[in-house]
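Line by line, the protein sequences are chains A and B. Mapping to numbering that gives the first Met the number 0: the first sequence position 132 is 131, numbers consecutive. Mapping to numbering that gives the first Met the number 0: the second sequence position 167 is 166, numbers consecutive.
It is worth saying that the hints were derived from the structure and are not from the lab. Hints may contain errors.
What the hints assert, rightly or not - Result set (DSSO-like, lysine-lysine): computed pairs, CA atoms no more than 30 Å apart in a straight line:
{"hint": "1", "chain 1": "B", "residue 1": "Lys67", "chain 2": "A", "residue 2": "Lys131"}
{"hint": "2", "chain 1": "A", "residue 1": "Lys105", "chain 2": "B", "residue 2": "Lys47"}
{"hint": "3", "chain 1": "B", "residue 1": "Lys29", "chain 2": "A", "residue 2": "Lys105"}
{"hint": "4", "chain 1": "A", "residue 1": "Lys14", "chain 2": "A", "residue 2": "Lys156"}
{"hint": "5", "chain 1": "B", "residue 1": "Lys125", "chain 2": "A", "residue 2": "Lys177"}
{"hint": "6", "chain 1": "B", "residue 1": "Lys150", "chain 2": "A", "residue 2": "Lys14"}
{"hint": "7", "chain 1": "A", "residue 1": "Lys177", "chain 2": "B", "residue 2": "Lys29"}
{"hint": "8", "chain 1": "A", "residue 1": "Lys100", "chain 2": "A", "residue 2": "Lys177"}
{"hint": "9", "chain 1": "A", "residue 1": "Lys112", "chain 2": "B", "residue 2": "Lys47"}
{"hint": "10", "chain 1": "A", "residue 1": "Lys105", "chain 2": "A", "residue 2": "Lys177"}
{"hint": "11", "chain 1": "B", "residue 1": "Lys125", "chain 2": "A", "residue 2": "Lys14"}
{"hint": "12", "chain 1": "A", "residue 1": "Lys177", "chain 2": "A", "residue 2": "Lys139"}
{"hint": "13", "chain 1": "A", "residue 1": "Lys156", "chain 2": "A", "residue 2": "Lys139"}
{"hint": "14", "chain 1": "B", "residue 1": "Lys125", "chain 2": "B", "residue 2": "Lys199"}
{"hint": "15", "chain 1": "A", "residue 1": "Lys156", "chain 2": "B", "residue 2": "Lys125"}
{"hint": "16", "chain 1": "A", "residue 1": "Lys14", "chain 2": "B", "residue 2": "Lys199"}
{"hint": "17", "chain 1": "B", "residue 1": "Lys199", "chain 2": "B", "residue 2": "Lys67"}
{"hint": "18", "chain 1": "B", "residue 1": "Lys59", "chain 2": "B", "residue 2": "Lys47"}
{"hint": "19", "chain 1": "B", "residue 1": "Lys47", "chain 2": "B", "residue 2": "Lys199"}
{"hint": "20", "chain 1": "B", "residue 1": "Lys125", "chain 2": "B", "residue 2": "Lys47"}
{"hint": "21", "chain 1": "B", "residue 1": "Lys67", "chain 2": "A", "residue 2": "Lys112"}
{"hint": "22", "chain 1": "A", "residue 1": "Lys100", "chain 2": "A", "residue 2": "Lys112"}
{"hint": "23", "chain 1": "B", "residue 1": "Lys199", "chain 2": "B", "residue 2": "Lys59"}
{"hint": "24", "chain 1": "B", "residue 1": "Lys67", "chain 2": "B", "residue 2": "Lys47"}
{"hint": "25", "chain 1": "A", "residue 1": "Lys156", "chain 2": "B", "residue 2": "Lys150"}
{"hint": "26", "chain 1": "B", "residue 1": "Lys29", "chain 2": "A", "residue 2": "Lys112"}
{"hint": "27", "chain 1": "B", "residue 1": "Lys59", "chain 2": "A", "residue 2": "Lys112"}
{"hint": "28", "chain 1": "B", "residue 1": "Lys150", "chain 2": "B", "residue 2": "Lys67"}
{"hint": "29", "chain 1": "B", "residue 1": "Lys150", "chain 2": "B", "residue 2": "Lys199"}
{"hint": "30", "chain 1": "B", "residue 1": "Lys125", "chain 2": "A", "residue 2": "Lys112"}
{"hint": "31", "chain 1": "A", "residue 1": "Lys100", "chain 2": "B", "residue 2": "Lys29"}
{"hint": "32", "chain 1": "A", "residue 1": "Lys139", "chain 2": "B", "residue 2": "Lys125"}
What the hints assert, rightly or not - Listed next, the stretches of chain A that the computed footprint assigns to chain B, with coverage defined by at least 3 CB atoms under 8 Å from CB atoms of chain B:
{"hint": "33", "segment": "37 to 44"}
{"hint": "34", "segment": "63 to 70"}
{"hint": "35", "segment": "116 to 124"}
{"hint": "36", "segment": "199 to 209"}
Glycine included, each C-beta is placed from N, C-alpha and C at the ideal position.
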Amino acid sequence: MDGVHDMGGMDGFGKVEPEPNEPVFHAAWEGRVLAMQRAMGYAGAWQIDMARSAQERLPPPVYLTASYYQRWALAMECNLVERGYAGADELAAGHALQPGKPLNRKLTTDVVKQGLTRGSFYRQASASARFKAGDRVRTKNIHPATHTRLPRYARGKVGVVELVHGCHAFPDAVAVDKGDDPQWLYTVVFDGTELWGPDAEASLTVSIDAFEPYLEPA
Amino acid sequence: MAGHDDHDHSSELSETQLRVRALETVLTEKGYIDPAALDAIVETYERKVGPHNGARVVAKAWSDPGFKQALLADASEAVRALGHENRVGDHLVAVENTPSLHNMIVCTLCSCYPWEMLGLPPVWYKSAPYRSRAVKDPRGVLADFGVALPKDTAIRVWDSTAETRFLVLPMRPGGTEGWSETRLAQLVTRDSMIGTGLPKRPEEVA
Numbered sequence: 000m001d002g003v004h005d006m007g008g009m010d011g012f013g014k015v016e017p018e019p020n021e022p023v024f025h026a027a028w029e030g031r032v033l034a035m036q037r038a039m040g041y042a043g044a045w046q047i048d049m050a051r052s053a054q055e056r057l058p059p060p061v062y063l064t065a066s067y068y069q070r071w072a073l074a075m076e077c078n079l080v081e082r083g084y085a086g087a088d089e090l091a092a093g094h095a096l097q098p099g100k101p102l103n104r105k106l107t108t109d110v111v112k113q114g115l116t117r118g119s120f121y122r123q124a125s126a127s128a129r130f131k132a133g134d135r136v137r138t139k140n141i142h143p144a145t146h147t148r149l150p151r152y153a154r155g156k157v158g159v160v161e162l163v164h165g166c167h168a169f170p171d172a173v174a175v176d177k178g179d180d181p182q183w184l185y186t187v188v189f190d191g192t193e194l195w196g197p198d199a200e201a202s203l204t205v206s207i208d209a210f211e212p213y214l215e216p217a
Numbered sequence: 000m001a002g003h004d005d006h007d008h009s010s011e012l013s014e015t016q017l018r019v020r021a022l023e024t025v026l027t028e029k030g031y032i033d034p035a036a037l038d039a040i041v042e043t044y045e046r047k048v049g050p051h052n053g054a055r056v057v058a059k060a061w062s063d064p065g066f067k068q069a070l071l072a073d074a075s076e077a078v079r080a081l082g083h084e085n086r087v088g089d090h091l092v093a094v095e096n097t098p099s100l101h102n103m104i105v106c107t108l109c110s111c112y113p114w115e116m117l118g119l120p121p122v123w124y125k126s127a128p129y130r131s132r133a134v135k136d137p138r139g140v141l142a143d144f145g146v147a148l149p150k151d152t153a154i155r156v157w158d159s160t161a162e163t164r165f166l167v168l169p170m171r172p173g174g175t176e177g178w179s180e181t182r183l184a185q186l187v188t189r190d191s192m193i194g195t196g197l198p199k200r201p202e203e204v205a
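One chain only, chain B, in its complex shape (with noise of 0.2 Å):
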């Protein structure tokens, strides 16, 4: 029956795209929505907003000591400062990671995520297995991306209930002394912002 489930599985996927389109059409045909402005936001996703925002930030907190204190202190006013593509509104919080302390960002109830910062989520962000297990298993969870803290390493999960948005301030790498904002950043990932990883190590940047 393997050929039954292709067809049904394909079959799916177009009747997903064609309820799509028929939404489209009639919100343009009502008036409220303009498929070139649907474009270009689409566009501003796939091109503009990504971890590299986020990325931009750590870098510049990992290199000037005013900005990282302005930033722990209030994260949407330091980065406003900063004038990034697009603004990242009022609700920005920045928590630090340190060698006894570690933030991982999660949101149980739906998928809140800092999209200004870090772009779209990935899809295990939004994954269930995600969700239920953050909060709760947090070490496992980091064991699924290989990552092992040291046994003496507190960790505070972050659950994003309300509007405001957390963005993780991972530990500079050592070995990085006197590196330029701009190489700084090549070593943020987005994961490390998440708090599912770690930043890259300078000889993987070389």
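Next up, chain A with everything else stripped away, as it sits in the complex (with noise of 0.2 Å):
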């Protein structure tokens, strides 16, 4: 969707501000919130593009003001009453009401580690791969209502692929509960004035990751 969330190449927002000897967390109920995402996640209740999707559905003044944790936190209230995990008078209550929904699995503490590893992406391909390294692409102008992750920036654009990632599961697909729906992921890089016009620094370029459904031949 072209939400606030898909910040690339806007103005206005200021300088960028480094905190020196930055803490881990802020505050006590960030890590709380971290690791109840990730609990949620072992657990098999969502997959991470459904939270992502449920952050850039967020009110746009919401999104903006809102810290980092709390999106997190707002984005799992919404999967959670969403998905019938827990109920909007339940959350509110602060106690369960109702017996929980079952899950495939629970993050207890002597399985934290394999909690902690990265799940693999990768998808069985029912097609060889479109393009190979070297070959011009454009993207596709698209705007879908629904989560993607081809940014706004980056649309309707020739590019050249440079690195072909395999097979991977499709976040468009993922986010709407349409399966994994697999498809092949590059990354294709772009020319700064391609993106930016002849005002952009003429040594620069950018690359996105993109799915094959995003790109055609150029």
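Hints given; two lone chains; assemble the complex.
Here is the structure:
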């Protein structure tokens, strides 16, 4: 969706301000939110693109003013309610009012290490890759109302395939519960001038990782 | 009205704390999560996973040409072979800085970051200024970090729009001939592995 989360190339947000000696968490609740998200992911309650999609659907003023972990918490509440793991009444009460829904597994102390291991996103390909390194491609000019990983600044642009990453679960399908719908994934590199016009820095190149449905031959 | 603002600020914070506590209570009572496992996850990110993981990889690449070649060919496999505390998963790509090319990593759509190599991302990496400007004005972003590259160094920005994670292999500083991997690792900063900084100079760690 064309939301405020898709920030590449926007102006007006100001300077980047690194924080000296930044702590891992700025408050204890941030760590709890992160850990709950990991635990629910391990349990199989939802996949990462469903969490991203829930954040993207936050009202723009909320998205822009909430902190990173506040957004995570809001997205988690959204997925819990939408997917029937908890009721809005339970979240408001701060207690369970009905029994839980069955989950595949539970993250307990003996399996924390496995719980923190990143899963693989490789999936079995049903067709061979349409593109190879060196191919010129054009990204499609698409504006789906649902989750996509093709950023606005890189739509309708001509670039070159640089890396072929294999066949991966397709976020656009996963986020709307249409399964993995495996697709080939490529790193596509663009000249700065293709993205930003003649005033772009001449030596700049920018790449995205693009799923095959985002691309057509150029 | 300064007092009023202060009041709003603190009540907002406690509202978040209460809301997160309610969330944890509900999920625990419903049997989905184990609070002791949450403690262990928090402790892992506070104490075990951090930029020292990536620094070890970079220092090894600087001192072992065979490892560097393997890292650039297949970073997931090369890092797996080192036996890291936290497995890196399947989708790590290392990109090499040279005198003519400087790499910088961003995620414009959310905040994708190589956690297993660098730990959790700093606030600035997740912020709107960085996410919006890195792909359009990387030299301006570098200036915010006090970094000025030579005019003839080209910049390549990698937007992490899928599950591939990128690690910048910075250039080994001069004057470090004969240094051990452990000593070299002290030069490798987090930001040098994101591409918003450069490694420390030898005299900075003496």
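A quick look at each hint next to the structure:
1. B/Lys67 - A/Lys131: It holds: about 25 Å lies between the C-alpha atoms, which stays within 30 Å.
2. A/Lys105 - B/Lys47: holds (23 Å)
3. B/Lys29 - A/Lys105: At roughly 12 Å apart (the allowed maximum being 30 Å), A/Lys105 and B/Lys29 satisfy the hint.
4. A/Lys14 - A/Lys156: Cα-Cα ~28 Å, so holds.
5. B/Lys125 - A/Lys177: holds (29 Å)
6. B/Lys150 - A/Lys14: Judged against 30 Å, a Cα distance of about 22 Å means the pair holds.
7. A/Lys177 - B/Lys29: Holds - the C-alpha atoms of B/Lys29 and A/Lys177 are around 27 Å apart, at most 30 Å.
8. A/Lys100 - A/Lys177: holds (21 Å)
9. A/Lys112 - B/Lys47: holds (12 Å)
10. A/Lys105 - A/Lys177: The hint holds at about 24 Å.
11. B/Lys125 - A/Lys14: Holds, at roughly 13 Å.
12. A/Lys177 - A/Lys139: holds (21 Å)
13. A/Lys156 - A/Lys139: Holds: A/Lys156 and A/Lys139 sit about 8 Å apart, inside 30 Å.
14. B/Lys125 - B/Lys199: holds (24 Å)
15. A/Lys156 - B/Lys125: holds (26 Å)
16. A/Lys14 - B/Lys199: holds (23 Å)
17. B/Lys199 - B/Lys67: holds (20 Å)
18. B/Lys59 - B/Lys47: holds (19 Å)
19. B/Lys47 - B/Lys199: holds (23 Å)
20. B/Lys125 - B/Lys47: holds (21 Å)
21. B/Lys67 - A/Lys112: holds (28 Å)
22. A/Lys100 - A/Lys112: holds (25 Å)
23. B/Lys199 - B/Lys59: holds (16 Å)
24. B/Lys67 - B/Lys47: Measuring from Cα to Cα gives roughly 24 Å; hence the hint holds.
25. A/Lys156 - B/Lys150: Cα-Cα ~26 Å, so holds.
26. B/Lys29 - A/Lys112: At roughly 23 Å apart (the allowed maximum being 30 Å), A/Lys112 and B/Lys29 satisfy the hint.
27. B/Lys59 - A/Lys112: holds (25 Å)
28. B/Lys150 - B/Lys67: holds (27 Å)
29. B/Lys150 - B/Lys199: holds (21 Å)
30. B/Lys125 - A/Lys112: Holds - the C-alpha atoms of A/Lys112 and B/Lys125 are around 25 Å apart, at most 30 Å.
31. A/Lys100 - B/Lys29: Given that 30 Å is the threshold and the Cα spacing comes to 8 Å, the pair holds.
32. A/Lys139 - B/Lys125: holds (27 Å)
33. 37 to 44: With 5 residues in contact (Cβ-Cβ under 8 Å with chain B), the coverage given for the segment 37 to 44 of chain A holds.
34. 63 to 70: Per the Cβ count (3), the hint holds.
35. 116 to 124: holds (count 6)
36. 199 to 209: holds (count 10)
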